[in-house]
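Here the protein sequences come in this chain order: C and A. Mapping of the first sequence onto the UniProt record's numbering: position 262 corresponds to residue 262, and the numbering continues sequentially without gaps. Mapping of the second sequence onto the UniProt record's numbering: position 126 corresponds to residue 126, and the numbering continues sequentially without gaps.
Keep in mind the hints are simulated off the structure, nothing from the lab. Everything numeric in this text was worked out from a predicted model, so none of it was measured. Using N, Cα and C, we set each Cβ at its ideal position, and we do this for glycine too. Take these hints with a grain of salt, some might be off.
Stated by the list, open to error - Within a straight-line C-alpha distance of at most 20 angstroms, the following computed EDC-like cross-link-like pairs (lysine to aspartate or glutamate) qualify:
1. 6(A) - 21(A)
2. 160(C) - 94(A)
3. 25(A) - 201(A)
4. 160(C) - 106(A)
5. 6(A) - 59(A)
6. 124(A) - 95(A)
7. 80(C) - 33(C)
8. 126(A) - 106(A)
9. 160(C) - 110(A)
10. 180(A) - 112(A)
11. 160(C) - 107(A)
12. 160(C) - 95(A)
13. 124(A) - 112(A)
14. 25(A) - 59(A)
15. 6(A) - 63(A)
What the hints assert, rightly or not - Simulated coverage check for chain A against chain C, where a stretch passes if three residues somewhere in it have a Cβ under 8 angstroms from a Cβ of chain C:
16. 74–82
17. 166–179
18. 187–200
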Amino acid sequence: MDALMQFLLSGMTVGAVYALVALGFTIIYNASDVVNFAQGEFVMLGGMTTVFAHAAGLPLPLAAVIAIALTALVGVALNKLAIEPARGAPVVSLIIITIGASIFIRGAAQLVFDKQLHRFPSFSGDEPIRLLGAAILPQSLWVVGGAFAVFFGLWAFFTKTLTGKAVLATANNRLAAQLVGINTGWVMTLSFSLSAAIGALAGVLVTPITLVAYDVGVGLALKGFAAAMLGGMGNPKGALVGGILLGLLEAMTAGYLSSQYKDAVAFIVILAVLFAMPQGLFGAKHTERV
Amino acid sequence: MLTVEKLHSAYGRIEVLHGIDLQVKSGEIVTVVGANGAGKTTLLKCLSGTQPVTSGQIDFRGEVITAVPAFKRLERGLAQSPEGRQIFTNLSVEENLRLGAFLFSDDRVDADMQDAFTMFPILKEKRNLMAGGLSGGQQQMLAIARALMGRPHCLLLDEPSMGLAPLLVAQIFEVVESLKARDVTVLLVEQNAFGALKIADRGYVMETGQVTMSGPASELIADPRIREAYLGI
Ligand SMILES: Nc1ncnc2c1ncn2[C@@H]1O[C@H](COP(=O)(O)OP(=O)(O)O)[C@@H](O)[C@H]1O
Ligand SMILES: [Mg+2]
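Next up, chain C with everything else stripped away, as it sits in the complex:
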């Protein structure tokens, strides 16, 4: 019982990280149908920039804000320099461009920063909190809270605000979006900066637990992608549920079978779900007709 509780808590923590990465995918995907594989690099940049800004003497909150802002700029640059010039290319080409961009960002980070593992202090200390016979780090609560906060923010953005609907409209039909007066170029800039900022926020929240190095982005992007597919790409609810499910699956497998199998079991479950529900758990059914 205690063991189960412990696995649940650690699964929630890891799952919240995946959910944050998956949530970052949703905005760019909603605006452009592109799955941005550089999303993991945004997480890495958020963590690494905070580490170095903090080491340079800035207080942690300020370092975090700077890291999030700088990463948002990198997101805008990715759109302006790599995605926008290739506009009109098939979505698959754009996705390959994001993979190229992620390799480039990783290389640049290795040069600008270094190859070491880093961390900075947890926000609320490292004294575990006892909960129903198990222990959880205060920082885990920050991560889980962050995932839920970003989820509610995005959910409100897409369902309650006209700007959020303009993002959806731009993805659905760029031409028609322009005809109703939406500046679609600006929508893309907004989407990339928001996605990048969410990724960076994830990096800031998880670094005290998982540590950060220039190459942590690849694994995170893959797990976040799997989580988003599981939940249904483009849907914030799907990203949150998919991420947490994936985290729990991994924790349970690692706990009751062996940590060697955790990735394999998780992917088998995802494949099974996608086989039965190709759009994911919460994915939109396609209602297009011509």
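Fit chain A with the ligands to the known structure of chain C by using the hints.
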């Protein structure tokens, strides 16, 4: 209201508009008729800014708008209901209409939406459904209603009757005619020359990227050449 002078446009190196001259006066319904492939859609796309112009000039309400980007033309009062409807298929009917008024956030938005529902009661019935699930006729109504939500002075309509059953065609033409009473000037592009000329004040006939005839709609409809080529009489 709208003056087009010596307009040329091309897809890649193939020119499809070879110097179009056209005028729409305030309060008029003007129609451009012509066979499939004549260049009618390309002309409207140039007017709405979604197709590049190689040379020539577009004046709208006293200003040259040839270089104004597409998304800024509605702000000036020029709306387009494009070929193929181009509604937002994975958003609800109501969201489509709300986005039509993207430029506005005042009380009139709600009033205009009620107005649209009065004009097309079926849209009110289906307001919460995904627009992609509507029938062709309903999608066309939504496309027109969405364009009107942008409070245009001038509405460009591209083949609103395309693919619709005769009864619906009549209904759509009736709606277009009623726009006059709302002070919306209309430029209507149609292959259905008879229906379009019947409700229009003036008309232009387009053939392979050129205007070959123009005049009052009543004269065009009586012209033997047009009766033979476009009205099948
Ligand atoms: N996207 C395009 N690329 C290349 N050629 C096009 C494109 N759209 C239309 N055309 C060509 O331009 C000409 C005019 O087409 P269009 O403006 O659609 O005519 P209409 O609306 O009168 O049927 C046609 O010869 C058509 O084949
Ligand atoms: Mg056409």
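Hint check:
no.	hint	in the structure
1	6(A) - 21(A)	holds (5 angstroms)
2	160(C) - 94(A)	holds (13 angstroms)
3	25(A) - 201(A)	holds (10 angstroms)
4	160(C) - 106(A)	holds (16 angstroms)
5	6(A) - 59(A)	holds (12 angstroms)
6	124(A) - 95(A)	holds (12 angstroms)
7	80(C) - 33(C)	holds (17 angstroms)
8	126(A) - 106(A)	violated (24 angstroms)
9	160(C) - 110(A)	holds (16 angstroms)
10	180(A) - 112(A)	holds (17 angstroms)
11	160(C) - 107(A)	holds (17 angstroms)
12	160(C) - 95(A)	holds (11 angstroms)
13	124(A) - 112(A)	holds (13 angstroms)
14	25(A) - 59(A)	holds (12 angstroms)
15	6(A) - 63(A)	holds (16 angstroms)
16	74–82	holds (count 5)
17	166–179	violated (count 0)
18	187–200	violated (count 0)
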